[in-house]
Structures are given as C-alpha cells and as structure tokens.
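Visitor: Assemble the whole structure, with the sequences as input and the hints as a guide.
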Amino acid sequence: MRAIVKKYSWLIMVQGAAALLLSFALVKGVDIVSGAVDELLAGGSVRPAAYAPPLLLFTLLAVLAAYLKNYSGKAAAIGILGDCRRAVFAKLPRIEYAYYDQSGTGKVVSRLISDVKEAEKFFSDILLEIISTLATGLVTFVYIGRISGWLLLAVAISYPFVLASVKIISKRVIELARLRKSYIDAETAKVYDVIGGMEIAKSYNLQDVMAGRLASAAADVFGVEVKRARITSYMEALRMLLKWIPGIICLGVGAVMVVRGMISAGELMAFLILTERAFDALSGLPYCLNEAADAAVALERLSELLHAPEEASGGIKQLGVGDIAVEFAGVGFAYGEQPVLHDLSFAVRRGERVAFVGESGSGKSTVFKLICGFASPDAGSYRLFGRDFADYDVAFAREHIALITQEAFLFPAGIGENVGYGRAGATQTEIEAACRSANIHDFIMSLPEGYDTVTGERGVKMSGGERQRLTLARAFLKDADILLLDEPTSALDSENERLLGEAVAKLSRDKTVIYIAHRLSTVAGCDRIFYLENGAVKESGSHAELLRRGGGYARLYHAWEHAEEGA
Amino acid sequence: MLLKVLKMMGGALAPYLFGILLMTASLRGFMVVKAFLIRDVFAWLETREPGGLAAVILQNLAVGCALLLVYIFTSYIYKIASKRGVMNLKNVVYAKILRLPMRYFADTKSGELISRVFYDMGQTSDIYEAKFRRLVAPIISAAVYFGVMLYLNVPLALGLFAANLLAMLLNARYIGQTRRLRRGISALNARLTEQLNNVIGGVGIVKIFGIGGRLGAAYGRDNDELIRQQKKDARLSGELESVNTFFDFFCSFAFLCLGVWFVAQGEATLGVLAAIYSLYGDFSSQFLLVCKYLPGLSGCLVSAERIFALLAEAEEAEPAALPPVGGAFAAEMRGVTFGYDAKRRILQNFNMQIERAVVTAVTGVSGRGKSTLGKLLLGFYPPETGGIYINGHSLGELGLYQARELIAYVPQEPYIFNVTLAENIRYGRPDATDEAVIQAAKFANAHDFIMQRPEGYAAPAGERGSFLSGGEKQRIAIARAILKDAPILLLDEATSALDNANERLVQNALANLMRDKTTIMIVHRPTSIAAADRVLKM
Chain A
1 MRAIVKKYSW
11 LIMVQGAAAL
21 LLSFALVKGV
31 DIVSGAVDEL
41 LAGGSVRPAA
51 YAPPLLLFTL
61 LAVLAAYLKN
71 YSGKAAAIGI
81 LGDCRRAVFA
91 KLPRIEYAYY
101 DQSGTGKVVS
111 RLISDVKEAE
121 KFFSDILLEI
131 ISTLATGLVT
141 FVYIGRISGW
151 LLLAVAISYP
161 FVLASVKIIS
171 KRVIELARLR
181 KSYIDAETAK
191 VYDVIGGMEI
201 AKSYNLQDVM
211 AGRLASAAAD
221 VFGVEVKRAR
231 ITSYMEALRM
241 LLKWIPGIIC
251 LGVGAVMVVR
261 GMISAGELMA
271 FLILTERAFD
281 ALSGLPYCLN
291 EAADAAVALE
301 RLSELLHAPE
311 EASGGIKQLG
321 VGDIAVEFAG
331 VGFAYGEQPV
341 LHDLSFAVRR
351 GERVAFVGES
361 GSGKSTVFKL
371 ICGFASPDAG
381 SYRLFGRDFA
391 DYDVAFAREH
401 IALITQEAFL
411 FPAGIGENVG
421 YGRAGATQTE
431 IEAACRSANI
441 HDFIMSLPEG
451 YDTVTGERGV
461 KMSGGERQRL
471 TLARAFLKDA
481 DILLLDEPTS
491 ALDSENERLL
501 GEAVAKLSRD
511 KTVIYIAHRL
521 STVAGCDRIF
531 YLENGAVKES
541 GSHAELLRRG
551 GGYARLYHAW
561 EHAEEGA
Chain B
1001 MLLKVLKMMG
1011 GALAPYLFGI
1021 LLMTASLRGF
1031 MVVKAFLIRD
1041 VFAWLETREP
1051 GGLAAVILQN
1061 LAVGCALLLV
1071 YIFTSYIYKI
1081 ASKRGVMNLK
1091 NVVYAKILRL
1101 PMRYFADTKS
1111 GELISRVFYD
1121 MGQTSDIYEA
1131 KFRRLVAPII
1141 SAAVYFGVML
1151 YLNVPLALGL
1161 FAANLLAMLL
1171 NARYIGQTRR
1181 LRRGISALNA
1191 RLTEQLNNVI
1201 GGVGIVKIFG
1211 IGGRLGAAYG
1221 RDNDELIRQQ
1231 KKDARLSGEL
1241 ESVNTFFDFF
1251 CSFAFLCLGV
1261 WFVAQGEATL
1271 GVLAAIYSLY
1281 GDFSSQFLLV
1291 CKYLPGLSGC
1301 LVSAERIFAL
1311 LAEAEEAEPA
1321 ALPPVGGAFA
1331 AEMRGVTFGY
1341 DAKRRILQNF
1351 NMQIERAVVT
1361 AVTGVSGRGK
1371 STLGKLLLGF
1381 YPPETGGIYI
1391 NGHSLGELGL
1401 YQARELIAYV
1411 PQEPYIFNVT
1421 LAENIRYGRP
1431 DATDEAVIQA
1441 AKFANAHDFI
1451 MQRPEGYAAP
1461 AGERGSFLSG
1471 GEKQRIAIAR
1481 AILKDAPILL
1491 LDEATSALDN
1501 ANERLVQNAL
1511 ANLMRDKTTI
1521 MIVHRPTSIA
1531 AADRVLKM
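Protein chains in written order, with the numbering used here: chain A, 1 to 567; chain B, 1001 to 1538.
The hints are simulated quantities; they were obtained by calculation from the structure and are not laboratory data.
Here the structure is a predicted model, which is why all the values come from computation and not from measurement.
Built from N, CA and C at the ideal position, the CB exists for glycine as well.
Only pairs whose alpha carbons sit at most 30 angstroms apart, straight line, appear in this in silico DSSO-like list of lysine-lysine:
1) B:Lys-1231 x A:Lys-117
2) A:Lys-227 x B:Lys-1007
3) B:Lys-1004 x A:Lys-227
4) B:Lys-1231 x A:Lys-121
5) B:Lys-1232 x A:Lys-117
6) B:Lys-1292 x A:Lys-117
7) A:Lys-369 x A:Lys-107
8) B:Lys-1007 x A:Lys-181
9) A:Lys-181 x B:Lys-1096
10) A:Lys-181 x B:Lys-1004
11) A:Lys-181 x B:Lys-1292
12) B:Lys-1292 x A:Lys-243
13) B:Lys-1096 x A:Lys-227
14) A:Lys-190 x B:Lys-1096
15) A:Lys-190 x B:Lys-1004
16) A:Lys-6 x B:Lys-1231
Here are some chain A residues the structure puts well away from chain B; computed CB gaps all over 10 angstroms:
17) Gly-16
18) Ala-177
19) Arg-301
20) His-307
21) Lys-317
22) Gly-380
23) Gly-416
24) Asp-510
25) Lys-511
26) Leu-520
27) Arg-549
Guide: What follows is the structure in structure tokens.
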C-alpha cells in the first residue's frame, strides 16, 4: 500500500503546489484591490485600467492552478486505487484458505468493498480538501500577519468559535442517529422478510397483515425522525450564530485598529475578505481529519490484506512414485481450540473409488480441505502420490485434483466459460465433450442460448442437479488424477442422482474418486468406505463387509434406509 | 415528474413548501444582516461617533437572532413534512409490492428486486429530504440576495447577476457530459465488485482449478477501462473547476475594481462595497449550487420514474371466470399449458383430477412441473390455456382470495417469518385465539419444542427462522396450515431435509392434518408415497 502511494506521491505534491499557487493568486489580487481602496481614501484618483493587467494575470494563474490542483489530485487517487484494486485482486487467490474460513467469505467481501470505497473517498476528496484548506490557511494567515500581528491574534481568538460551530453535536443527536439507523435496519429486514415469504403471504391471504407490519416499521422510523428534527433545527441555528462570532470579533478588532491608525481601511477590507474565505475552508478541517482517521483504518486493513500470509508452497513439481494416491498417517487437525481430526490414517490407491461416511461433525469436510491443501495437518503427515504434500509446489499439486463442492459454485459467466475454467486453453469441442460425459450437454442445448447462457445470480435458473453436473463437467475437463466429490446434503431427485452417478461411473478407471457421501445410495458402488467418528476412521471396508460387521456404519445405513422408505 | 413526486406527499405538501420558503428566506435574511453589519461598521468608521460601534453590533446581532428563531421554527416544519412524505411513499410502495403477481418475484431475483426498490425508494425519498430543497433554496436565496444588492447598488448588482448567469450556463454544459461518464463509471464499478465477490465466494474453486490468473486478467481489463473513464472524468472536472475559478476570480476582481471606481465617483460608499462583496460570495455560490444539485435531482427523478413504473405495474390479476364444471373433484386441471418462460413449457395440455378426501401423491422426475402444479393451483401464475378448478369452480369464478382460503399450503422450504413463533403459526388464521394457536402447535408436534424455549410461544423465530432447526421450521409451517383449517391441503415435499426422529414427528403431524381433508402431496422421492391413496405420476 505504501509503495503504491509512493508511486503517485509526485502527483500529490503537484496538487499541493497548485493549491498554494491558487491561494497566492487570490491574496495577491485582493492586495492590489486593497491598495486601490487606500489610494482612493487618500484622495488619489483611481484608474481601473491600471489594475486590470495584473489582476487578469492572477486570474489566469488561478485558472491554471485550479486545473492542475484538481486534475493531479484526482489522477493520484485514480492511480492509487487502480493499482490497489489490481494488487488486491491478484492477492486474493493466493491468501491462505484459513483466512476466508475464519472470517467468512461474506464478511471478507463486504469489508473489502467498504475499505476500498473509504480509500477512494479519501484520496479523491478528503485529501484534496485537506491540502486546499491548509494551503489557503497558510497563505492567508501569512498575509494577514504581515499586515498586523494583532489581526492574526483576532483570528486566533476566533478560530475556536469556528471549530465549535462545526463540532456542536449533542450526545442526544448521536443517540438518535443510532436509533434511527437501527429502526431503518429493522424496517429493511422486515421488507426482506415479507418478500421472502411472499408465497406464504399470498397463499394465506396475509397481504393486509404484512402491509401492517411494514407500515408500523415505517412509522417507527418517522417517530425518531420527528425527535431528530426538533433537535437538529435548534442546533443548526446555534451553529449559524457561532459561525458569526468570528466575523464580529474580526470586524470589531479591525474597526478599532483603523480608528487607532494601526491599519488602513483598505487593509481592513482585504482582511475581512480573506478571513471569511479562510474560515470557510478551515471550518471543514475537523470533519476532514475525522474522515482521514476513518480512512487510515481502512487503508491499514487493506495494507494488512495485501500482506496477509500467502499459502505455503514447496518447490517440487514432479509426482512421487508408488501406487498410493492419497495417504493420511496419524493426522490431527483443529480449528483453533476445536479439535476435528485425531490420529486419522487411511490410504487410497490409484484408481480406487472410496467414500467417507459419518455423522455431521465427524470431520469429513475437513479431510477434503486437507487433501486440497486448504489447510495443513497439525500432526501426522499427508502424502499425495508418495510425497509429502507440503513439499510440492502447491499449484502443481492441485493440478492433479478436481473438486466438486457441496454447493455448486458457478461464476456469472457463460456456461461454456464456466466449464472452460476447468482447463486453460480448452477448445469448445473439448468443453462439449466434458459436458456430454457429465450428462449435461442435452440440457445446455435445450437452453435458447446454449453454451452462451449466462449462469449465476442474474443468469438462468438451474436446479441443484443441473448445477452439480455443470461443475462435474468442469472437473471432467480438468482431467485430474483425483476427483473429490462432496455430495449435496439436500436431496437431489432420483433422476438427477442417477444422471450424476452414471456420469461418474463413466470416468476412466485410472482416476481416483473420493466421495463425501450423505445419501448412502452412492456408497454401494464404492470399492471401500471409511466410516468416520469423531475425526478418526472407525471402520473401513466394502459396503457389504461393513454391513456384516454391524457397527456404526451399519447403524447409520439402516437409519438412512428407514428414512428413505418412511418418507 | 417532479410535480408528480411532490403531489405524492398529499397533505404534507403545503407545510413542506411553506417550510422551505420561510426557512430559506430567514436564513438568507440572517446572512444579509451579517453583511449589513459590515456596511454599518464601515459607515461608523466615517463618523467615529463614540459608543456607536457597540450599538451597531448589538442592533445587528438582535435582528440576526430574531431571524434565526424564525429559521428554527420553519425548518422544523419542513423536516417533519418531508419525513411524513417519505413515510407515505414507503407505505404506498410496500402495499403495491404485496399486490404484485408472483411472476414478478420469480422473474426478477427477489434479492435484486428488493435492493432495486430500496435504492429507488431511497433516491426518491432523497427528493423530499434534501434534493428538492437544495434546488429550490438556492433560487430563493439568489432572489433574496439579488433584491438586497439591487437595494444597495443597482449597476453593481446587475453586473454580478449577468456574470453569474453566464457561469451557470457554462456549468450546465459540463453536467450532461459528466453525468454520462459517471453512469459508465458506476456500471464498471459494479462489475468489478461482482468479480471481487466471485473470487472470494468461490475461493476454493479458484484455488483448486488455478484460475486466479485468468480471473485476474479479466479483472485487470475492466480495471484499466475504469481508470481510463475516471481520468476522463477527472479532466472534465478539472476543466469545470478552472471555469469556476475563472469566474470567481474575474468577478471578484472586476467587482472590486468597478466598486472602487463607483466609490471614487461617489455613487457608492466603501461600506456598501464591502457589504455587497460579502454577499457576493454567497450569491454566486447559489448559482453554482443550482448546477451542482440539478443533476442529482434528475438522477433521483429517474429513480422516481422507476418507482412510478412499479406503482403502475399490473397487479395480481383475477383469472378469467370459466363456467363451472360438474363432478366431485376437489381440484381439477383441464388442458393446462404453462411455462415460466415462453420458450420452455413445463405443462402441455395437462389434465388432472384430484378426488375429495383422499391423499394423492404427485410424483415424477424433476423438471416435470410437480411444484409448478401447486403454484398454479394457488393462482400464483395464470396458465396460458386451460382451466383450473376447485370443487368444480374455476379460480376466476372463485376469485383468488376465496380460492386461496380453500387451500392450506406447506411449501418445499417452509418460510418462517422473523416474528414470534406464535405469530408465525397465527398467520394461518390471523384472528385465531391463543388457545387455537396452541392447539394447532400440539397437533403439529410443535408444542413441546416451543415450550422448551424460555420465552415459549413468544420466542423469536430469527431471520428466515434461523433460530429453528429444519424440522422445527417444518412443524411450525404445518401448525400454520392446521390452524388455517382449509379443506385442501397442499404439501410440497414436507419432509425433505429432516433427520429420522424429526421426520417421524412431522409425519405424525401430517397424519393428524390429513384426516378428512383432500391432500395433495408432492413427493420428489419415489419411496415416500406409502401414505398415499392415489398416485399421480407426471
């Protein structure tokens, strides 16, 4: 972050110089006019023509300075933010998975968006404002000080009133603002609630009930607004009054000084003109500084993000030897204080189809995270194709793994592109072949826009099974040695289940397939089943073996079977 | 459009306009008093009458304070009126949303719909709360200042007015350009945000498929385009800033030179000059304010237009009334053709007859329209062709309200509102007594888990029922349906996501409910049709 700002610091300096120049032009111009006034009062003749050329010069200078100040300031902001966004985006995929796991992806996104917005506001507005204000203040006060030290004193006495006028905000107002925010949030939540439950609202003829709920929420907000209006109206008037006081002080002091002959009337006029401008600018300063403090927090967080630990990676880019695709030996793993895996050992041979089965919380998903290298074991070892996973170049290792997550994740892009993410440079023919294997090609062709159909939030609606098969096509395209398939918990209907099962079955026998099975119909076709309990393999063997053994797996299977039939 | 927006305030409009007028006038009056103080002090400097300075200051201070009192009072009136307008707007929109047809919520993703409505409503409210006043106030202010300046010195005032008008016109030229540019910028920004959302939301997939680089390249292209557009905008705003600086400086200096000349000619006093000058800054900024806020207002008006479009949106229409058909069927479909979009028909000339007082299971592979069947029966969507009948009467003949009264619906994913558990059940029949609610909960096997909560029936359900497990949600939904006590029960896979114990409880609850009712059970798994008397395979 610091490096990025440094890169554009020259633009910020140009901006500062231009701001000084602008203020200087103003002060010089006013000075000329004040001289004219004095000349006039001294009984001299005034020829506007004589003043025109220098005034015009200063005006042109100001025009140039104004452009420079504005453009260089904005250009700095644009450059800094542009680089920052690019750096952040490049960084995101490289950050440790644990970072997202701990904070939750939603929170990471919303915090990032608000931080970037905050930073943008700071560089494009707040900083510009602060620099202009300081330049105006500095140049003006130097000029006033040169007229008379006493005038500067008058300014010094007055400024606290300017500050006070900005700062008066009673606790009550803050309290009310907070209350208002909470009522508005409550109202928003209610609207979401009502729209979310629209089917129920309609089918139960609840429109009036729901309208009443929303109206009462809106009325709550109005109630707070009334209280707020009462207070803010007073405060605004008080602020105006306070803001006048500096003017009165400066005018009074100036008038007395003119009477005493310490300054001229022309100088008084220049003084009044300039202080008013300077106070106007300076009154915004505390606000800007507050904003800057907020922005500092946001920048700090962005900086932290850019320096967040990246995934550890070894250097080896060659698979080890042997027949074992994935091997865990005595693996232990905990999320913080929460132990998940204890002394977990298993080995999956190349080409084998295995399934992890267990109650929720038994550690199945964690096994997948470890296999993908999203987390590393706290104890024991995880070997991929005969080599410790940590020794591999992590990107290389992942080239050999394809993952299908429980919730099919699709990017808001064309279907073809989504599948194409499986392998860089895949041709349309290859993509279509993958989709055929995944039993989804016919569905895609039935869509009016075929492979160009956009998926995701704003795209076409697809069922869970269809989405699942699309991600399967993506995995097929990758053609990795190991396929990890986390079954969706919620029921796919039987047709979709069949299509999915068939597709996996088509996969060539030299691929290793590892399931997390929720519905045990999948399991029957597997070579081996690992039954997990409390983060360790409790039973393993084929479906038939485990059923004969009559242990935990058999219990779970019978319960599931019963549920299927009873439903 | 603006008039239409204002008219929507109804009774609040008169105090609203009154408030704006007087609060602005009193505020500007206050500024004029500030300027007059300067004039009076300069005038005093010429006489230097002892004790006069204090008198001048106090006099002005008193008038200023009086004006501020007027301001307090009138700005209060304005604020209340504007907030009342906002509340009014919200209520109108909310009521409208509730009357929109179901298609509206399915077509536009509901999250997107809500956020758009919120955005537009916020923007429209902003007209009441700020934008309109911000546009009108400068005009009123400029008029007040102009009047005072004319009173002080006619030629100077006219000259300043002309210069400012010119500046305003120049500003206006930039506004259109800037606005177009900004629209593009915000669209690009939204795209960047979306990409950010994706790379984070799908971080596991991004990592395992190694597509960070590819996504980054796409992001980089959009980012560069954003930078290009922003630079264009910066150049434009720099130019605008230059133009304004030119007028600011040129007018100030020209004014001062001319003024000094006027003073020399004896046509004005130094005090008047100083006074006009101190008003001048504020005066010219009023012109710029008009330019500054005009585009904001027009942006808001675009939103307001969308709100009006929403308000004009067709409401849930009553289906056409068809002549009654004979027969003893509880529900019937004749020749129904339907699809959510015209290209993909889900039902084609579909016929169905559901007998009274039996349990009918509807089965079939996904995509054949099982859930759609229920939605059509509830009149959520009108079929393209064909008729839907309940007890031999078409939905149109019954009217949607009456038709829905006849059906108790438990959807596939039961929706639980974020109100108390009792309230959630009571939605089945809003006028039900507490006893009836408890009775229904007992039937649905929900009473026990409700009583285990410290607050009992008053326990909150959480957002979308997040304080409840899947089974508890389903039982609350069933209790709701029981309380409704409608002759037809429509269950869309009521036991999909439950564990065994819960499933049994829910099954028992359903068995209670199905007694003496016509039941339509939509089942997605072939194994769960045991309880049915009839099976309808789609």
